[in-house]
Amino acid sequence: MAGQERKQPRRSAPSEEAPQEVDASRAVGGELAERIDDLLEEIDAVLEENAEEFVRNYVQKGGQ
Amino acid sequence: MSLAVHKVLGTETEFGIGVRGRPGYNPVTAAGLVVAAYAGASRVRWSYDEETPGRDARGFGPSAGDFDTGMLNTVLTNGARFYVDHAHPEYSTPECYDPLEGALYDKVGELVLARAAAAAQSALGPGEQLRIHKNNSDGKGNSYGAHENYLMARAVPFGDIVAHLTAFLVTRQVFAGAGKVGSENGRPTVPYQLSQRADFFEEEVGLETTVKRPIVNTRDEPHADPGTYRRLHVITGDANMSEKQIFLKLGSAALVLAALEAGALGPPLLLEDPVGAMWRVSHDASLHRTVRRAGGKSITALEVQAEYLARVTAYLAATGGSPVERQVRNLWETTLAALERDPSSTAGYLDWAAKLQLLEGYRERDQLPWSHPKLRLLDLQYHDVAPERSLHHRLVAAGRMERLFTDAALDKAAAEPPDRTRAFFRGTCLARFAESVAAANWDSLVFDLGEDALRRVPMMDPLRGGRERVADLIDRCASAADLVRALGGVDGRTGTEATPPERAL
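These protein sequences, in sequence, are chains A and B.
For the first sequence, the numbering used here assigns the number 64 to the last residue and increments by one with no breaks.
For the second sequence, the numbering used here assigns the number 569 to the last residue and increments by one with no breaks.
Keep in mind that the hints are not guaranteed to be accurate.
[Unchecked claim] Derived BS3-like pairs (lysine-lysine); straight-line CA-CA distance at most 30 Å: (1) B:K276 / A:K61; (2) A:K61 / B:K438; (3) A:K61 / B:K204.
[As the list claims (entries may be wrong)] Covered by chain B, according to a simulated footprint, are these stretches of chain A (three or more residues, beta-carbon under 8 Å): (4) 41 to 51; (5) 54 to 60.
Just so you know, these hints were derived from the structure itself, not from any lab.
Glycine included, every Cβ here is placed at the ideal spot set by N, Cα and C.
Bound-form chain A, shown alone (with noise of 0.2 Å):
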């Protein structure tokens, strides 16, 4: 886009393909992925049981 700087160079070049693998990976590493695992434990504790089927068994009507 004409004017904008960029702050750093792009992370790969656009196309109009879609990266198979999602990328995530900065979002867990180092100091980062031991305070997340904190949280998943705390997050283990309050998921619903049986996820296979509470997810099988959401199913809504359409809306708007």
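Mind docking chain B on chain A? Use the hints.
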């Protein structure tokens, strides 16, 4: 440059509903239980010409015939509407003065649903538990909406709105999406995408909202003086959990529409295939993918958004803009730069990025393939309205996601209306004189003063009827009869129309 109409706005959210321990529980009945149980709902019904929201022409089992239909369509003292629609509980915010207020009252919807569900729980059997999600899809091809409404000048040709708004709505998913595992509605398979709703758009422009959904919706129901105003009904958006993201979503759209109305957007930025671009943009969480502009040149969604931002920035430079408008613009700019640099850096306030980070954490720790049901459950439970179950709330509590509002502000807004729109008149009359209000609607209140004729008070201007104009008047009145009399000489048997509150002073 002409002046834009002040962008009064609001949202309407259909919530997903189910009963844990009783799959197949009739959703209309469940939604009816929830709406009827809400203690904050007045017994005043919405609309004098009563609709029958419990009835479904498609024949979804037993209707909600056990309920007084008035109780399925209620108006709240904060000026909102809370009702059953299409087998979902739906909450419409009151008319809000700006996107900050809009985000606040949108979040209040979750609070209302959580409280209502807790109250309705006693009507269920042992082992049955209500679950309500502020999301837009069940992952099985059924979608329900989170709509936005913006006040526009009737004078703007609708064709201009379509031309300017389409590419904006298609590409704003990069910062407006709530994130979803998988794809639906026959779209190509993808592990994760930006938006809950993008898969369901099949037309560029149209009137439908439940089938063949269009990117730009043509519903023309202004709920205001139709000669002056249009209510632009935006149906492409996701229901967001992040307060800051709702603010950005509403604020950026309001800015684009204001600039458009002022004739300051320049030539429209047109896409070659908006419907295809809708899901293509959503299906690329790396934000690399390009779509084609009319004429064939490739462009990324972030580049399209940067173009809208540049034009809106020029518009604000010329008009000054309000503090809230400048706050929106700055957040929009910061967000686009962050997404360009590293999308995961927005996980502190964009639902799709936060959800993706959570999913990646689970995938890494438990070595889960994208097809694993646990990931679908995480996606769903991110949107649970009950704070004790909502994964969004967990992220906020862990200091990983930002907030804009305090719990106290949400509590207050659950009870009290916005100050600067006609919602103030509606909500305050409800709080003071509910027993004398026969029905409420967006553009009128109908009073029953115990006489033969009902008294209808029209409110055709959304910007009138705010605290400044009517608070003292309502305070001075000891009864609804006093108020209607003070509003303008409806005295005796002459008619049912009172003077609108904005003209009474």
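Cross-check of the supplied hints:
Between K276 (chain B) and K61 (chain A), the direct Cα distance comes to roughly 16 Å. Compliance with the 30 Å bound is thereby established for this hinted pair. Between K61 (chain A) and K438 (chain B) the CA atoms are separated by roughly 22 Å; this keeps the pair inside 30 Å, and the hint holds. The suggested pairing of K61 (chain A) with K204 (chain B) holds, with an alpha-carbon distance near 10 Å, which does not exceed 30 Å. A stretch counts as covered by a chain when three or more of its residues have a beta carbon under 8 Å from one of that chain; for the region 41 to 51 of chain A and chain B the count is 6, and the coverage holds.
Given a C-beta distance limit of less than 8 Å, the hint that chain B covers the region 54 to 60 of chain A holds, as 7 residues qualify and 3 suffice.
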